[in-house]
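S.K.: Chain residues, written in single-letter form:
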Amino acid sequence: MASSSVHDAIIDPSAVDLWKTRKDRARFQWSSLAMLSPAFALLIILFLIPVGYAVYLGFTNLTLVGPTAVHWFYTGTQNLQRLGSDTEFRSSLELTAFFVIGSIVGVLIVGYGLASLLLRATPWVRVLVGGVVVIAWMMPAITAGMTWYASTTAQGTFATLIGLSNSDFLGSYPLLIVTIANIWSQTGFAMLVIGAALRNIPSEILEAADVENASKFQRFRLVVLPMLRPTMTAVVLLVALLSLANFSLIYVMTQGGPGNATNILPLYSYQQAFEFNNLAYGALIGNVMVIIAAVFGVLYVRVATKRSK
Amino acid sequence: MKNTGLSKLITAGAAMALIGVATAGILPANASTKTTLTVAYPSVYAFDTGPLAAKWWSQVKADFTKIYPNVKVQYIALPGSYQDVVNKLSLLYRSSSTAPDVAEMPSAQIGLWSSSGYLLPMNKYLKTSSWFKDFPKVIQSEGKFNGNIYAVNDGENDSELMYNKTMFKKAGIPVPWKPTTWQDIISAAQKIKKALPNVTPLWLNAGTGSGANGLLQGINNFIVGSSTPTIETKSGKMVVDSPGIKAALGFYQKVYADGLGASESALFSPNAVTDPLTLFKTGKLAMAVGSNYYGGNWTKFINAPYWPQAVATMGVTGLPNEAGTGIASTLAGWDLAIGSHAPDAQMAYNFINVAQAPKNLIDAANWAGWVPPVESDWTLPAYTNFAPPYNADFAKVLPSATETPTSANYSAWVQGMGEATGLFVQNPKTTVSQALSTFENYVTQQLGNSAVTKLK
Numbered sequence: 000m001a002s003s004s005v006h007d008a009i010i011d012p013s014a015v016d017l018w019k020t021r022k023d024r025a026r027f028q029w030s031s032l033a034m035l036s037p038a039f040a041l042l043i044i045l046f047l048i049p050v051g052y053a054v055y056l057g058f059t060n061l062t063l064v065g066p067t068a069v070h071w072f073y074t075g076t077q078n079l080q081r082l083g084s085d086t087e088f089r090s091s092l093e094l095t096a097f098f099v100i101g102s103i104v105g106v107l108i109v110g111y112g113l114a115s116l117l118l119r120a121t122p123w124v125r126v127l128v129g130g131v132v133v134i135a136w137m138m139p140a141i142t143a144g145m146t147w148y149a150s151t152t153a154q155g156t157f158a159t160l161i162g163l164s165n166s167d168f169l170g171s172y173p174l175l176i177v178t179i180a181n182i183w184s185q186t187g188f189a190m191l192v193i194g195a196a197l198r199n200i201p202s203e204i205l206e207a208a209d210v211e212n213a214s215k216f217q218r219f220r221l222v223v224l225p226m227l228r229p230t231m232t233a234v235v236l237l238v239a240l241l242s243l244a245n246f247s248l249i250y251v252m253t254q255g256g257p258g259n260a261t262n263i264l265p266l267y268s269y270q271q272a273f274e275f276n277n278l279a280y281g282a283l284i285g286n287v288m289v290i291i292a293a294v295f296g297v298l299y300v301r302v303a304t305k306r307s308k
Numbered sequence: 000m001k002n003t004g005l006s007k008l009i010t011a012g013a014a015m016a017l018i019g020v021a022t023a024g025i026l027p028a029n030a031s032t033k034t035t036l037t038v039a040y041p042s043v044y045a046f047d048t049g050p051l052a053a054k055w056w057s058q059v060k061a062d063f064t065k066i067y068p069n070v071k072v073q074y075i076a077l078p079g080s081y082q083d084v085v086n087k088l089s090l091l092y093r094s095s096s097t098a099p100d101v102a103e104m105p106s107a108q109i110g111l112w113s114s115s116g117y118l119l120p121m122n123k124y125l126k127t128s129s130w131f132k133d134f135p136k137v138i139q140s141e142g143k144f145n146g147n148i149y150a151v152n153d154g155e156n157d158s159e160l161m162y163n164k165t166m167f168k169k170a171g172i173p174v175p176w177k178p179t180t181w182q183d184i185i186s187a188a189q190k191i192k193k194a195l196p197n198v199t200p201l202w203l204n205a206g207t208g209s210g211a212n213g214l215l216q217g218i219n220n221f222i223v224g225s226s227t228p229t230i231e232t233k234s235g236k237m238v239v240d241s242p243g244i245k246a247a248l249g250f251y252q253k254v255y256a257d258g259l260g261a262s263e264s265a266l267f268s269p270n271a272v273t274d275p276l277t278l279f280k281t282g283k284l285a286m287a288v289g290s291n292y293y294g295g296n297w298t299k300f301i302n303a304p305y306w307p308q309a310v311a312t313m314g315v316t317g318l319p320n321e322a323g324t325g326i327a328s329t330l331a332g333w334d335l336a337i338g339s340h341a342p343d344a345q346m347a348y349n350f351i352n353v354a355q356a357p358k359n360l361i362d363a364a365n366w367a368g369w370v371p372p373v374e375s376d377w378t379l380p381a382y383t384n385f386a387p388p389y390n391a392d393f394a395k396v397l398p399s400a401t402e403t404p405t406s407a408n409y410s411a412w413v414q415g416m417g418e419a420t421g422l423f424v425q426n427p428k429t430t431v432s433q434a435l436s437t438f439e440n441y442v443t444q445q446l447g448n449s450a451v452t453k454l455k
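For the record, the sequence lines run as chains A and B.
Each residue of the first sequence is one higher than the one before, counting from 0 in numbering that gives the first Met the number 0.
Each residue of the second sequence is one higher than the one before, counting from 0 in numbering that gives the first Met the number 0.
Worth flagging that the hints you see were computed from the coordinates, not collected in a lab.
Don't take every hint at face value.
Simulated crosslink set (DMTMM-like; lysine to aspartate or glutamate; CA at most 25 Å straight-line) [as the list claims (entries may be wrong)]:
#	chain 1	residue 1	chain 2	residue 2
1	B	LYS253	B	ASP274
2	B	LYS453	A	ASP85
3	B	LYS283	B	ASP133
4	B	LYS245	A	ASP209
5	B	LYS132	B	GLU374
6	B	LYS143	B	GLU374
7	B	LYS395	B	ASP62
8	B	LYS123	B	ASP274
9	B	LYS168	B	ASP257
10	B	LYS358	B	ASP83
11	B	LYS236	A	ASP85
12	B	LYS192	B	ASP274
13	B	LYS143	B	GLU231
14	B	LYS164	B	ASP183
15	B	LYS253	B	ASP62
16	B	LYS428	A	GLU87
17	B	LYS453	A	GLU93
18	B	LYS236	A	GLU87
Fair warning: this is a prediction, and the values are worked out from it, not measured in the lab.
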């Protein structure tokens, strides 16, 4: 009887093994833990322990010098309360937001613009311009900072070029200039990544858009942009992380000044820890940066994972 | 257990070790064994040039090694700016294995490091010192906290007005110039501006770019010369409002409102404090609130930059106090201290004793642009003839100078005052009350209400 054979198959003990080895479900191998343990150990030693210690320090009264440099202790939420009422911290957050968002927008626009122009350029132009842009990206932050400092202060390159040698662009528009300097230093990366993505757009799709009489803007908005979205998202997230952690460029150019005009979070954290000797409070500000960076990092992983699926 | 070859070897090794330990206390120590003395010093910032710093410290090491050949001196160079030196030394002190036995440190930090327990009181060693008693009281007390002396000075900086005599004559200002009031300075600057429109009349450090040194060679000279010179009270509170601070800010407001100061980019540069050296030489600056290292830098020996016409061109005069009754100046220097973890404190003091030898102190004063701490050295030809007339003139100011505050809260005060003075530069229409409000709010917000005070 057919039902009997089905019944037999259902209760057949050997059939139970199929559940354990089902190919449509993710399998976990306990033995993989041994293979992953060195990576776990590195993660714990090089990341979790230092970050955890930094988080703890943010809740103490540790100073660089003074009585609490040696005899420091846990102070509970004292530093958090201070953070909540710290107007300089709020100002620093706003400056950081401008710097990061401005850098992202600038890098995307300039990076896309260069990538699409170089796509149509003759080979030698592509090599020359592309090479120069990549050099700017590879340049150490200190060198980039010194270059922009020399170019944007009085008697600098830009002031001399426009014939107003006493114009001090850096002093007059410090946050804008350091943001532009950051865009300049990160555009090379965006140009390379977006350029590769543009070359991977199938020409048939673009031809189909032309056949449908799509305008250039429609072609960009409805065809190119959707196909570039995953790449752009990755660029946005990476530029955000790099800009959030940017210390050297701004420190070399303005040291967070004039006044506190460019005192973004990394510089404010440094100022608190090493100029005002408040190591604990500086650590707490650094922890805030880690949280913000973690949010960006999680977003990046989710986007990257989604793409691979 | 079988008596194997390995166990015989282990037994023999243990026996030899026991014999070695037992005889170590009986047999004389090896005569060539050297102890090590670690000495940390600023390799770039304190002296006029890095090579001169290296030269002086090599000289001291050679002198010390002649007297104590069994002690090896190991130098720890601290490169970078003032803040870099302070941070690096602070980090070295955090561990007994890295803390130097002797360190050269800025006087403003002595209180902080001594309160951390990093420094050893030197009172008992100084009782037999041949040079400490010759320090003026103000310099002796520089390293004194809670009755103990933690550091001894090896050179001081103070401030005076430096001016271009040729430019002053062209502007119709009599030379030698002897201002007696702050208004005299403003008037002179206004005449310079009218007669020489392409020259910056007055270099007055402002903004946050130059940090504590900008204030030391800037507004603090006016505050300490005012009717209320206190910056930090005896109870450790930072003054955020006083008639003296208002008066000093008022002077700054007048200078920048009348366009008598340098440009924003020049003042906000991290090198602002030393820019006048070159600006004077290139004829772009008429006068500055300057420091005693100016004169030496213009000599051929220092060459930073060399300006043969400096003596003929540049005059120097005391900065008048607010009341017009005398002169005023800030005072800050560099000191030598013994680490509290030094294994041989006596030897560490012996090193300091050698560094404080008369020739070494004079050389340090000349090569670093300092006033030597020993009063009788102020008139020695070896000092006065190195950079005449500047060395002698700046030494005369020292007894009238006021020491810089030393508490941890001073850094926040510096930042706040830098922001306040920077406002006048960025917007010459800024009022004194606006600048004062910015300063007071910043410092109070950073330090808390309990750490600040106002004076009437």
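S.K.: Hint by hint, note whether the structure agrees.
M.R.: So, going through the hints one by one against the coordinates:
Restraint check: the Cα-Cα separation between B/LYS253 and B/ASP274 comes to about 22 Å, which is no more than 25 Å; the hinted pair holds. The hinted pair formed by B/LYS453 and A/ASP85 meets the criterion: a straight-line CA distance of about 21 Å does not exceed 25 Å. Straight-line distance between C-alpha atoms of B/LYS283 and B/ASP133 comes to about 41 Å, which puts the hinted pair past the 25 Å bound. For the hint linking B/LYS245 to A/ASP209, the alpha-carbon distance of about 72 Å lies beyond 25 Å, and the restraint is violated.
A distance of roughly 10 Å separates the Cα atoms of B/LYS132 and B/GLU374; the hinted pair therefore holds under the 25 Å criterion. Annotation: proposed proximity of B/LYS143 to B/GLU374 holds, straight-line Cα distance about 19 Å (limit 25 Å). Proximity of B/LYS395 to B/ASP62 is assessed by CA-CA distance (about 30 Å); at most 25 Å being required, the pair is judged violated. A threshold of 25 Å between alpha carbons decides the hint, and for B/LYS123 with B/ASP274 the separation of about 43 Å lies outside it, so the pair is violated.
With a C-alpha separation of about 21 Å, the suggested pairing of B/LYS168 with B/ASP257 holds against the 25 Å cut-off. Pair hint B/LYS358 plus B/ASP83 does not hold up; C-alpha atoms about 29 Å apart against a cutoff of 25 Å. Distance hint between B/LYS236 and A/ASP85 is fulfilled; the C-alpha atoms sit about 20 Å from each other, no more than 25 Å. In summary, the hint linking B/LYS192 to B/ASP274 is supported, as the alpha carbons are separated by about 19 Å, within the 25 Å threshold.
Distance hint between B/LYS143 and B/GLU231 is fulfilled; the C-alpha atoms sit about 16 Å from each other, no more than 25 Å. For the suggested pair B/LYS164 and B/ASP183, the alpha carbons sit about 16 Å apart, so the restraint of at most 25 Å is met. A distance of roughly 52 Å separates the Cα atoms of B/LYS253 and B/ASP62; the hinted pair therefore is violated under the 25 Å criterion. For the hint pairing B/LYS428 with A/GLU87, the CA-to-CA distance comes to about 24 Å; that is within 25 Å, so the pair holds.
Distance hint between B/LYS453 and A/GLU93 is unfulfilled; the C-alpha atoms sit about 31 Å from each other, more than 25 Å. Of the pairs offered as hints, the one joining B/LYS236 and A/GLU87 holds, with about 21 Å between alpha carbons and a cut-off of 25 Å not exceeded.
Violated hints, in rising order: 3, 4, 7, 8, 10, 15 and 17; the structure is consistent with all others.
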